[in-house]
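Visitor: In case you want the letters, here they are:
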Amino acid sequence: MFQFQQVFSRTNRSAIAEWWWTVDRGLLVAVTILFAFGVALVATASPPVAIRIGVDDAHFITRHIIMAVPAFLVMIVVSVLSPQYIRRLGTVILLGGIFLMMIIPFVGAEVKGAQRWISLFGLSLQPSEFVKPSFAIVAAWFMAHQKQYASFHGNLFAALLFLSCVVLLIIQPDFGMTVVLSAMFAVQIFLAGFPFRYMVVMLVIGAVGLVLAYSTLDHVKSRIDRFMNPESGDTYQVDRSLEAFANGGFFGTGPGQGTIKNSIPDSHADFIFAVAGEEFGLFFTLIIVGLYLFILLRGYNRLMESNDLFGVLAVGGILAMFGLQAFVHMGSSLHILPTKGMTLPFISYGGSSIIAMGFAMGVVLGLTRRQTRSAIARAGLSVSTRRGNL
Amino acid sequence: MISRSPFNFSMRIDGERSSALDQARGRIVLIVGFILLAYIVVAGRLFDVTIIQGYFHAAEETATREDDVSKTHLARRGDIVDRNGVILATSLKTASLYADAKLMTDAEGTARQLTKIFPNLVYGDLLKKFQSERRFIWIHRNLTPQEQQKILNIGDPGLGFAYDYKRIYPQGRLTAHMVGYTDVDGRGLGGIERSFNSFLTKSSDTIRLSLDIRLQHILRRETQKAISDFNGIGGAGVIMNVKNGEILAAISLPDFDPHDPSAAQNDLHRFNRVTLGVYELGSTFKIFTAAALLEKKKVSMATTFDARSPLHRGNRIIRDFRPEKRVMTVPEVFMYSSNIGTALMGEAIGTQGLKAMYSDLGLMKRMDFEIDEMGRPLMPTPWRDINTLTASYGHGIAVTPLQLVSAVSAIVNGGTLVRPTLVMKDEKSKPQTSVRVISKETSLKMRQLMRLVVSDGTARKADVKGYMVGGKTGTAQKNVNGRYLDDKRISSFVSVFPMTDPEYAVFIMVDEPKPNKDSFGYATAGWVAVPAVARVISSFAPLYNLAPEQDAPDLAEPLRPFLHKVSGEGH
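First to last, the protein sequences are chains A and B. Residues 1 to 390 in our numbering are what the first sequence spells out, letter by letter. Residues 391 to 961 in our numbering are what the second sequence spells out, letter by letter.
To be clear, the hints were calculated from the coordinates, so they are not data collected in a lab. Any given hint could be a false lead.
Result set (EDC-like, lysine to aspartate or glutamate): computed pairs, CA atoms no more than 20 Å apart in a straight line [said to hold, decoys possible]:
id : chain 1 : residue 1 : chain 2 : residue 2
1  : A       : Lys340    : A       : Asp308
2  : B       : Lys755    : A       : Asp218
3  : B       : Lys755    : A       : Asp225
4  : B       : Lys868    : A       : Asp56
5  : B       : Lys878    : A       : Asp56
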């Protein structure tokens, strides 16, 4: 520990040392634990899936690690960047993502009736995953900038940008992603001071949109019908999922001992929470819920101290997206929400999406770093008190 | 932009920014409140599902187990027999050994002697259990009488017997997927054993299936031969009565030993390809397209379709496997299995029309059947007009083999829907279904077309003399993770005989057949599935005393005027 402090001396002004003392280590640790849980759970949940589709047992495990390690590195690298660089990087990624989404209808691969994936450098990418966090950054910047320079129509630009992203998502069609993006943007404009009464109006519009999706898109309709009325159709997956939790009890059946993964096709992605519930039990699943809640509360708490409106809006939006995705995943497998194929951030097997999530969390870590000088000032104080204790 | 100094920032920040931040902070509190609420609901529900409902779940399990021990003599699980009364599953009463640690007098001696009788038990483990305070410890289930006698000779009062039933499947793996299997406590985990679990446990009555073990054997033998000859990874076969829907044989390969299902190398063995697997079966779907076309007014056998060049629609190009490069009549399109011609038929029928036909035939939704392992068909969503063209020749639409056979049965039996069934019913309780999907005239035309495929087309190897076999082949590229692979295919053949008055449908499918020397490098249905079906029919027909009719006029004869030339190999 002594050595460690030597390396990261608080007066050391090198970039790494500065990063270490300013970044929120609580958040960093919590996310790292999620990464580790993810590898463990994919390792136990994926072999039956791999065998079913006729590939090697370790197929998904290897691929998950191949994606998780770069995702972690992306998170660290982004968290080192200054707000200006994050803004620029966000803009570049957003433009790239929108461009890829525009060409998807022509070159994308069609999977289960939707075109969402594109093949790039031998990787299959879902550009909309990257659009979410980068959109949060750019929209936050637009809105924050208008607060400072009233002549800049940031709110309008943000709204237009939002609409174009939604149109691109509806073309694919990706209903879940549209809901997540809309919720994220709603949180952002809410934080930016959008009046309450208009928020209510937008909620109504959102509800109308849901009803429209329900009445025009068959797969959305069947999902919601099945949720509302289990007798009407196949609730096989949710039934198995609930059975898995009951089977797990307090401490679970033990790693690898579960049976749900044999009966649910996407247990390594959309139902990994149920696998966790069965094999590791209530205790462990509550830890997972606690970790997500910790990340959210800790993140928003950091924002309370922030005096950078851009950071508040960007991080506020990204955290909302993160929290919503985790909530929808857990809610689906517990049957408090309709079944929606959404991954559990950092834990589910999800290929390139984990990299996008790493980027998003990197932005959160980067924008919630304590501003250099105040950190040093506080550090100085704490050092002197610590010396006193010694 | 931002004040860099922490000491006097409040003075430097301009008023509006500061108030905006204050407002944002207030609203963060609200958002955090929402999040807390949502996550508390999740945590509460977790507790509910895991502990509260888990308690009932566990209570249920232990309750049934106690029942088994106490009233063993009552709860004999019912037998399952085939249509001729051959036993497929039965229960034998056996003794199972348990120990009561409190009554044990000589833990060490008993443990040592037990390890001599059962070499797979470990002395240390047993001793640890015997020295605990537990009142009920399972030692060994389902003893043989000899083993039971040896245990009686040990004579320790801490050893006791519980009598329960062991499930025996005299036919072994032959009916594993359909009959299913049970766990050691006699609960059905698959097939009929699972779906009729409460019936079998409560009433102890016998269930008589429509299966015929002899046909089951023939079908398995020939499907296995086709798989082995062409090095496939699996296959499925179905024999069904096209008039009343009774399934006479249904097999899924590879299979497993129902006495020890956990020993199956992996899930692929337990996977029921007949009812749970959905496959793109390719050209066999042309039957339904042709039927939908012939149902239209103003369409006759002489209607032509231009298959001179590949069809460009949107960004797709539809090609023929073996292009004839000419304008073809309906029988020619069907006989040469032209994708272009069929796609044009699909276009003429229209999206609504084709979907309606598929839906009427029960191909669009999960089939209602007597076993639970049923697959849900996959189809293009959204269904655009281009999908109609591709679906017309079975591309991009995946159904279970059982669904395909049922739909084909409805086409050939005069045009009324049949509901496949595995359980024999009394003559009286048989539902009198007469839901008409196509007209009698169209059904006759379809039989002529399917006969033509066997007499002149891609399935000539299935022409078992005297039985007027008809059918349609299908060789589809396999879709693996959303990509169609050139070298992986599903070859299938659905046949019906006799075409003059159809009785039986025979279907065989081989998953990923590879070309071999004898097939001159082909792994198409005509080489893989068709000869297998022919062998099944050759064994099956004499067994059922179906007399061959050697000089009956060929049903396909009226179609000859519509054929322009007779050409070589098909697929």
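Visitor: None of the hints should be skipped; say for each whether it holds.
Guide: The hints, checked one at a time:
no., hint, verdict
1, A/Lys340 with A/Asp308, "violated, 35 Å"
2, B/Lys755 with A/Asp218, "holds, 13 Å"
3, B/Lys755 with A/Asp225, "holds, 15 Å"
4, B/Lys868 with A/Asp56, "holds, 19 Å"
5, B/Lys878 with A/Asp56, "holds, 18 Å"
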